[in-house]
Amino acid sequence: EPEVTQTPSHQVTQMGQEVILRCVPISNHLYFYWYRQILGQKVEFLVSFYNNEISEKSEIFDDQFSVERPDGSNFTLKIRSTKLEDSAMYFCASSSSWDTQYFGPGTRLTVL
Amino acid sequence: KNEVEQSPQNLTAQEGEFITINCSYSVGISALHWLQQHPGGGIVSLFMLSSGKKKHGRLIATINIQEKHSSLHITASHPRDSAVYICAVLTSGSRLTFGEGTQLTVNP
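Read top to bottom, the protein sequences are chains A and B.
If you're matching positions, the first sequence starts at 1 in my numbering and goes up one per residue.
If you're matching positions, the second sequence starts at 1001 in my numbering and goes up one per residue.
If you are wondering where the hints come from, they were derived from the structure by calculation, not from laboratory data.
We put the CB at the ideal spot given by N, CA and C, even for glycine.
Do not take every clue at face value.
Quick list of the computed label-pair ranges, beta carbon to beta carbon [claimed, not checked]:
| hint | chain 1 | residue 1 | chain 2 | residue 2 | range |
| --- | --- | --- | --- | --- | --- |
| 1 | B | Gly1042 | A | Glu56 | 23 to 29 angstroms |
| 2 | A | Leu84 | B | Lys1053 | 43 to 49 angstroms |
| 3 | B | Thr1075 | A | Gln64 | 41 to 47 angstroms |
| 4 | A | Asp63 | B | Ile1060 | 43 to 49 angstroms |
| 5 | A | Glu56 | B | Ser1051 | 22 to 28 angstroms |
| 6 | B | Ser1051 | A | Leu30 | 21 to 27 angstroms |
| 7 | B | His1038 | A | Arg22 | 17 to 23 angstroms |
Please model the entire structure based on the sequences and the hints provided.
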């Protein structure tokens, strides 16, 4: 069964460094999403992406964040200058339309 | 107040019991999702509902749009059902707003 994959599974970085989290959505999906979950808290929407542009973004998704679909398969989330509070699990998801979303296994980001 | 409220927060059941998890929301929605989060963190989509009822195996999800309420039922519960169950609503366009989740533990 097709699945969403994410790399790396765990990323450790120093505060102020840039990180890129990578996702490979399901191949025929057109809608892509990033979510985050701070340890012990609920999942939060970050951004949705369709037709090579951001469809919607949350208040969390400030100028430090960017998303890109650099080729036909990858979907990336970049955090330009990480802060301690960016430590969280980041989930990528994809869907074929605005319906059932398929989630990746997540990347645990730890900012020291 | 959270836009999406789930109850109970924690639920412990014996194998075989019928389980109900509730979700209430305070905003207009176009659809509601039920998700399952495994102990390792992975998230699986169980249902997407905009009206009525859906069934998949031992899982049943219902939604009452007028009352802004949804329930997830598990029949003949099993220890492998132990997970966090999350209600999330699609409020505008593509934005999902999540509940806090219900931690379900099913004991053998």
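Status of the hints after comparison with the structure:
no. : hint                                       : in the structure
1   : B/Gly1042 with A/Glu56: 23 to 29 angstroms : 24 angstroms, holds
2   : A/Leu84 with B/Lys1053: 43 to 49 angstroms : 45 angstroms, holds
3   : B/Thr1075 with A/Gln64: 41 to 47 angstroms : 46 angstroms, holds
4   : A/Asp63 with B/Ile1060: 43 to 49 angstroms : 44 angstroms, holds
5   : A/Glu56 with B/Ser1051: 22 to 28 angstroms : 24 angstroms, holds
6   : B/Ser1051 with A/Leu30: 21 to 27 angstroms : 25 angstroms, holds
7   : B/His1038 with A/Arg22: 17 to 23 angstroms : 22 angstroms, holds
Comparing the model with each earlier hint shows no violations; every hint is respected.
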